[in-house]
Amino acid sequence: SAGAEDLYSFLEGRWGLKKRLEYRRGGHFGDWEGTACFSAHPAPSELPPGSSASAGAGWLLYQEDGTLQLEGIPRPMPSAGKDLLFDCGADIPQVYFKEDTIRHFHALPWPPAASEESSVVEATLESSSESCDFAHPCGPDMYYGSFVVTGKDSFEMHWTIQGPKKDGNISQWYTRLV
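Residue numbering for the sequence shown follows UniProt numbering, starting at 1 and increasing by one per position.
Hint data in this document are derived by calculation from the structure and do not stem from the laboratory. It is possible that some hints are incorrect.
Said to hold, decoys possible - Computed list of lysine-lysine pairs in DSS-like fashion (alpha-carbon distance at most 27 Å, straight line):
#1 82 with 98
#2 18 with 152
#3 98 with 18
#4 166 with 18
#5 152 with 82
#6 82 with 165
Just so you know, these numbers come straight off a predicted model, no measurement behind them.
Model the full structure from these sequences, guided by the hints.
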């Protein structure tokens with residue numbers, strides 16, 4: 001779809017990334033700073049059963065690298081998140097954990113339902129503050145996320161984590177690197 005192609009083009013490349021972690025239970029308070037990269041990747045040969053993933057182009061590998069400064073810890077430590085695969089070619093873009101066995105993470109329903117025309121999608125990815133929401137169960141806890149495009153070279157992701165093990169928020173701010 002035009003929205004998925006626009007999403008692929010929008011995300012592809014290197015990004016400066018800052019994160020704020022605020023866990024009231026099951027985690028820490030701290031700040032992460034580094035880079036994230038979305039790069040072209042072939043479609044995986046095996047996907048989870050029932051997956052609606054696309055078999056062709058439109059896949060991006062997401063990798064990040066940076067340092068984490070936890071409150072109360074004197075020195076920052078190297079930190080990298082999990083590698084992810086973004087399937088921008090699916091009818092509804094999907095995100096997977098890139099592990100020995102590919103595991104579904106969450107849908108990324110882009111463009112938002114209100115933006116069904118490609119001209120609106122293009123404007124969304126360049127100038128406004130459109131967002132889409134999604135969720136991911138993790139054991140007994142639930143992660144509620146939002147993807148917010150804030151400009152042609154910036155976006156944010158916000159997570160609220162709720163459950164018996166974890167209670168917190170993670171905010172991520174991305175700025176395109178030239």
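Compare the structure with the hints numbered earlier in the document and write down the numbers of the violated ones, lowest to highest.
none
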